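Undergrad: All chains should be built: construct the whole structure from the sequences, respecting the hints.
Chains as they are written, first to last, in numbering that gives the first Met the number 0: chain A, 0 to 451; chain B, 0 to 451.
Calculated directly from the structure, the hints in this document are not laboratory data.
Please note that a few of the clues may not be correct.
[Said to hold, decoys possible] Distance condition first, Cα-Cα at most 35 Å in a straight line; then the derived DSBU-like pairs of lysine-lysine:
1. B:K200 x A:K428
2. A:K196 x B:K428
3. A:K3 x B:K78
4. A:K428 x B:K204
5. B:K446 x B:K40
6. A:K204 x A:K332
7. B:K183 x A:K400
8. B:K17 x B:K283
9. B:K183 x A:K96
In this text the structure is predicted, and so the values were computed from the model without any measurement.
Residues per chain are reported as follows:
2 protein chains.
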Amino acid sequence: MSKKIPYRTYLSEEQMPKYWYNLRADMKEQHDPYVNPGTMKPIQYEDLLPVFCEELVKQEMNTTERYIAIPEEVREFYKTYRPSPLIRAYNLEKELKTPAKIYYKFEGNNTSGSHKLNSAVAQVYYAKMQGITSLTTETGAGQWGTALSMAAAYFNMPLTVFMVKVSAEQKPYRKAIMETFGAKVIPSPSDTTDSGKAILKADPKTGGSLGCAISEAVEQAVKTPNCRYVLGSVLDQVLLHQAIMGSEAKIAMELLDEYPDVVIGCIGGGSNFGGIISEYMADKLNGRKCPRFIAVEPASCPSLTRGKYAYDFCDTGKITPLAKMYTLGSGFKPSPIHAGGLRYHGDAPIVCNLAAEGLIEARAYYQNECFEAARLFLSTEGFLPAPETSHAIKAVIDLAKEAAPGSVITFLYSGHGLLDLASYEAYLKGGLTNFELPQEDIDTALKDCPEI
Amino acid sequence: MSKKIPYRTYLSEEQMPKYWYNLRADMKEQHDPYVNPGTMKPIQYEDLLPVFCEELVKQEMNTTERYIAIPEEVREFYKTYRPSPLIRAYNLEKELKTPAKIYYKFEGNNTSGSHKLNSAVAQVYYAKMQGITSLTTETGAGQWGTALSMAAAYFNMPLTVFMVKVSAEQKPYRKAIMETFGAKVIPSPSDTTDSGKAILKADPKTGGSLGCAISEAVEQAVKTPNCRYVLGSVLDQVLLHQAIMGSEAKIAMELLDEYPDVVIGCIGGGSNFGGIISEYMADKLNGRKCPRFIAVEPASCPSLTRGKYAYDFCDTGKITPLAKMYTLGSGFKPSPIHAGGLRYHGDAPIVCNLAAEGLIEARAYYQNECFEAARLFLSTEGFLPAPETSHAIKAVIDLAKEAAPGSVITFLYSGHGLLDLASYEAYLKGGLTNFELPQEDIDTALKDCPEI
Numbered sequence: 000m001s002k003k004i005p006y007r008t009y010l011s012e013e014q015m016p017k018y019w020y021n022l023r024a025d026m027k028e029q030h031d032p033y034v035n036p037g038t039m040k041p042i043q044y045e046d047l048l049p050v051f052c053e054e055l056v057k058q059e060m061n062t063t064e065r066y067i068a069i070p071e072e073v074r075e076f077y078k079t080y081r082p083s084p085l086i087r088a089y090n091l092e093k094e095l096k097t098p099a100k101i102y103y104k105f106e107g108n109n110t111s112g113s114h115k116l117n118s119a120v121a122q123v124y125y126a127k128m129q130g131i132t133s134l135t136t137e138t139g140a141g142q143w144g145t146a147l148s149m150a151a152a153y154f155n156m157p158l159t160v161f162m163v164k165v166s167a168e169q170k171p172y173r174k175a176i177m178e179t180f181g182a183k184v185i186p187s188p189s190d191t192t193d194s195g196k197a198i199l200k201a202d203p204k205t206g207g208s209l210g211c212a213i214s215e216a217v218e219q220a221v222k223t224p225n226c227r228y229v230l231g232s233v234l235d236q237v238l239l240h241q242a243i244m245g246s247e248a249k250i251a252m253e254l255l256d257e258y259p260d261v262v263i264g265c266i267g268g269g270s271n272f273g274g275i276i277s278e279y280m281a282d283k284l285n286g287r288k289c290p291r292f293i294a295v296e297p298a299s300c301p302s303l304t305r306g307k308y309a310y311d312f313c314d315t316g317k318i319t320p321l322a323k324m325y326t327l328g329s330g331f332k333p334s335p336i337h338a339g340g341l342r343y344h345g346d347a348p349i350v351c352n353l354a355a356e357g358l359i360e361a362r363a364y365y366q367n368e369c370f371e372a373a374r375l376f377l378s379t380e381g382f383l384p385a386p387e388t389s390h391a392i393k394a395v396i397d398l399a400k401e402a403a404p405g406s407v408i409t410f411l412y413s414g415h416g417l418l419d420l421a422s423y424e425a426y427l428k429g430g431l432t433n434f435e436l437p438q439e440d441i442d443t444a445l446k447d448c449p450e451i
Numbered sequence: 000m001s002k003k004i005p006y007r008t009y010l011s012e013e014q015m016p017k018y019w020y021n022l023r024a025d026m027k028e029q030h031d032p033y034v035n036p037g038t039m040k041p042i043q044y045e046d047l048l049p050v051f052c053e054e055l056v057k058q059e060m061n062t063t064e065r066y067i068a069i070p071e072e073v074r075e076f077y078k079t080y081r082p083s084p085l086i087r088a089y090n091l092e093k094e095l096k097t098p099a100k101i102y103y104k105f106e107g108n109n110t111s112g113s114h115k116l117n118s119a120v121a122q123v124y125y126a127k128m129q130g131i132t133s134l135t136t137e138t139g140a141g142q143w144g145t146a147l148s149m150a151a152a153y154f155n156m157p158l159t160v161f162m163v164k165v166s167a168e169q170k171p172y173r174k175a176i177m178e179t180f181g182a183k184v185i186p187s188p189s190d191t192t193d194s195g196k197a198i199l200k201a202d203p204k205t206g207g208s209l210g211c212a213i214s215e216a217v218e219q220a221v222k223t224p225n226c227r228y229v230l231g232s233v234l235d236q237v238l239l240h241q242a243i244m245g246s247e248a249k250i251a252m253e254l255l256d257e258y259p260d261v262v263i264g265c266i267g268g269g270s271n272f273g274g275i276i277s278e279y280m281a282d283k284l285n286g287r288k289c290p291r292f293i294a295v296e297p298a299s300c301p302s303l304t305r306g307k308y309a310y311d312f313c314d315t316g317k318i319t320p321l322a323k324m325y326t327l328g329s330g331f332k333p334s335p336i337h338a339g340g341l342r343y344h345g346d347a348p349i350v351c352n353l354a355a356e357g358l359i360e361a362r363a364y365y366q367n368e369c370f371e372a373a374r375l376f377l378s379t380e381g382f383l384p385a386p387e388t389s390h391a392i393k394a395v396i397d398l399a400k401e402a403a404p405g406s407v408i409t410f411l412y413s414g415h416g417l418l419d420l421a422s423y424e425a426y427l428k429g430g431l432t433n434f435e436l437p438q439e440d441i442d443t444a445l446k447d448c449p450e451i
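TA: Laid out in structure tokens, this is it:
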């Protein structure tokens with residue numbers, strides 16, 4: 000009889016990865032370059048320096064180095080909440096009567112509540128090293144803003160978070176925790192920036208949008224001396240930092256003598272999915288035994304399953320570079336689903352490239368079935384998933400029901416839902432809509448995609 | 000040079016305690032017995048059976064068995080979130096420039112958010128085994144109600160939680176999470192019980208109180224066939240279950256070759272303090288090397304530091320048994336501080352007995368200094384403490400500042416504050432009062448203590 004696998008497996012500090020695995024070094028074809036919205040030519044190293052700090056621009060451009068050393072100070076911070084546990088979902092398996100083994104990498108164990116912290120700490124650290132004296136960012140659902148506030152507090156770095164106004168009103172606890180960490184939270188649009196003022200003038204009652212918050216954050220970063228803007232998803236550098244989740248998961252699975260048949264993560268911008276697949280995708284790219292990869296998105300914002308693979312703006316304000324990605328159109332207005340972190344019109348170029356090559360699969364689900372899956376997970380595994388994470392769980396449950404005996408499903412539990420309880424309340428009251436997205440809406444939004 | 004101690008130490012599943020340590024077996028004198036409010040005579044085994052389930056009554060009365068086996072099913076549940084980590088507070092030490100080593104046993108890693116789950120799961124399990132078909136309880140701050148809802152969901156046990164009305168209104172997320180777990184949450188006072196109706200008739204606008212919620216929960220349990228009432232603190236059985244925290248902490252500290260000079264916990268009813276001291280107190284009771292023990296309470300509800308050691312009712316409604324304890328009077332109306340879980344007029348009889356014997360010390364702090372300590376902890380250690388837990392942290396910081404080189408401070412981090420963010424918001428706005436408790440108020444409330 001084989002040894003009983005524990006509920007939770009932790010690596011020791013010595014077993015923790017000392018490098019971020021850089022997936023691009025193993026990709027046969029790199030994703031098409033970002034394009035400067037002014038010149039419509041590929042972005043150069045110098046173009047990015049006023050916005051991002053130097054070391055991060057280097058990482059953004061680094062497609063050749065397979066392993067990039069994690070700085071000592073970042074590794075020390077990681078040790079305060081990493082390695083995250085790899086958990087065997089015994090109780091969920093039992094409930095589903097599945098013959099499959101289910102594992103999840105659990106990123107809900109830090110105070111900010113999600114995997115976003117893995118990149119936040121790296122970005123704040125590099126800014127600090129460069130002598131940057133303040134940072135700006137935007138946040139919609141709030142996970143990224145919270146994570147960055149936490150990292151900024153640790154490194155004593157002043158931070159301004161432009162938070163989508165309607166989100167700041169709906170999620171007062173998210174705003175409160177960022178402020179408790181010492182961050183300045185400004186509901187967006189605001190009168191502190193020109194772009195904010197312009198939007199307010201056009202529509203004084205607007206609840207704001209992520210695109211608008213990005214515009215304000217970038218504007219303040221560029222106008223403030225020695226200030227930089229930081230972003231929590233989509234970028235290559237973010238996926239690089241998030242690769243630590245996949246590396247840890249692989250080491251832990253090896254300790255248990257397990258190898259997944261399928262790896263699953265939800266997808267909004269791609270930071271968590273890109274992170275969990277990392278070293279398993281390396282197996283695939285190098286022709287070794289490998290799992291299936293499934294990205295799960297909301298049916299109301301189905302960029303991978305129904306989007307067009309084309310160059311598009313990364314923001315609705317059209318001030319950021321353009322990226323080649325599966326997109327619903329930068330002007331796409333997502334339905335107000337509760338998984339706010341999955342409401343992005345595109346996806347990380349790295350992930351889109353893998354999708355275009357047929358190396359990953361994608362699925363889309365409605366929000367009610369995801370909340371139902373989350374509640375089953377809560378009553379069996381005891382963890383309350385973020386609405387975003389519930390999408391991955393729904394796919395896991397579907398796959399587990401039809402799984403072959405002994406097959407292994409691994410997924411990323413990207414964050415907890417303790418600050419999203421208003422969503423659960425609304426779900427319990429039966430008031431959530433399963434938004435159908437008319438093809439017409441996609442077609443209309445895509446008309447704005449420039450020809451490149 | 001000695002081996003570097005990791006940030007976090009986890010026991011393996013094999014190293015986890017298989018027994019609850021029963022402190023009473025080592026106490027030279029037992030605390031005075033509970034007294035029946037009807038007969039004013041010591042409570043007998045039979046008196047408790049209509050209220051609590053059988054196995055728990057046995058545990059309540061068991062003063063001789065040093066180790067009580069944890070049932071297999073409870074140990075399986077424990078494995079889903081235990082052992083909790085023992086964390087070395089390197090970053091806090093650095094910030095304080097203390098020569099002391101600080102460790103904390105971290106109980107904030109389960110979805111219910113606190114140590115309360117340790118007893119909740121045991122109580123639900125024994126009820127299930129006895130064939131009980133529903134449970135009732137009350138909750139004020141919400142930690143206990145959340146923990147019990149989580150345990151009840153796992154064992155598929157219907158649960159009604161009477162939640163102090165003002166708390167249900169102030170903490171909608173607490174109510175939402177209990178409902179997501181499937182519990183029925185009734186703001187108290189309600190019109191579902193006679194006691195609730197009577198209180199509403201007398202004062203239709205009342206925000207309720209813990210005493211009133213207890214009355215409603217007990218009434219429903221007694222009137223409903225095959226239903227029992229469960230309680231999350233004060234009782235001997237609760238401290239027994241919570242002893243697992245002290246046992247785990249001691250095993251982990253031994254693995255690190257460490258022994259504390261002082262053990263600290265906050266105290267409301269005594270469930271977390273009684274739990275963390277457990278096996279270290281055994282050392283003291285058996286004349287071995289031992290630490291100091293410090294219980295930390297709010298200055299606005301100072302039962303241990305300013306209360307009278309006397310028999311008193313455990314509830315304001317005077318329907319529960321009387322206990323010999325340090326009390327501020329059962330009619331004492333605590334100031335509306337944010338550490339709702341520390342607003343109890345008495346303390347666990349076991350803890351009071353130890354205090355009366357001079358075996359533990361007590362300190363009291365104001366809420367603003369506790370929130371300040373919590374914020375320092377958040378920015379260094381990265382964890383947002385519950386307002387209750389912040390009291391322990393304040394004491395730790397004070398002790399660390401005056402500590403001798405190499406001394407070791409261990410404390411219990413009883414729960415996280417993610418569902419208490421409204422408190423932090425109020426603190427940041429500078430709106431919190433440091434309530435002074437006039438001696439007169441205590442004297443008046445104590446007049447109600449019966450002579451026994």
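Undergrad: Tell me the numbers of any earlier hints that the structure contravenes, in ascending order.
TA: none
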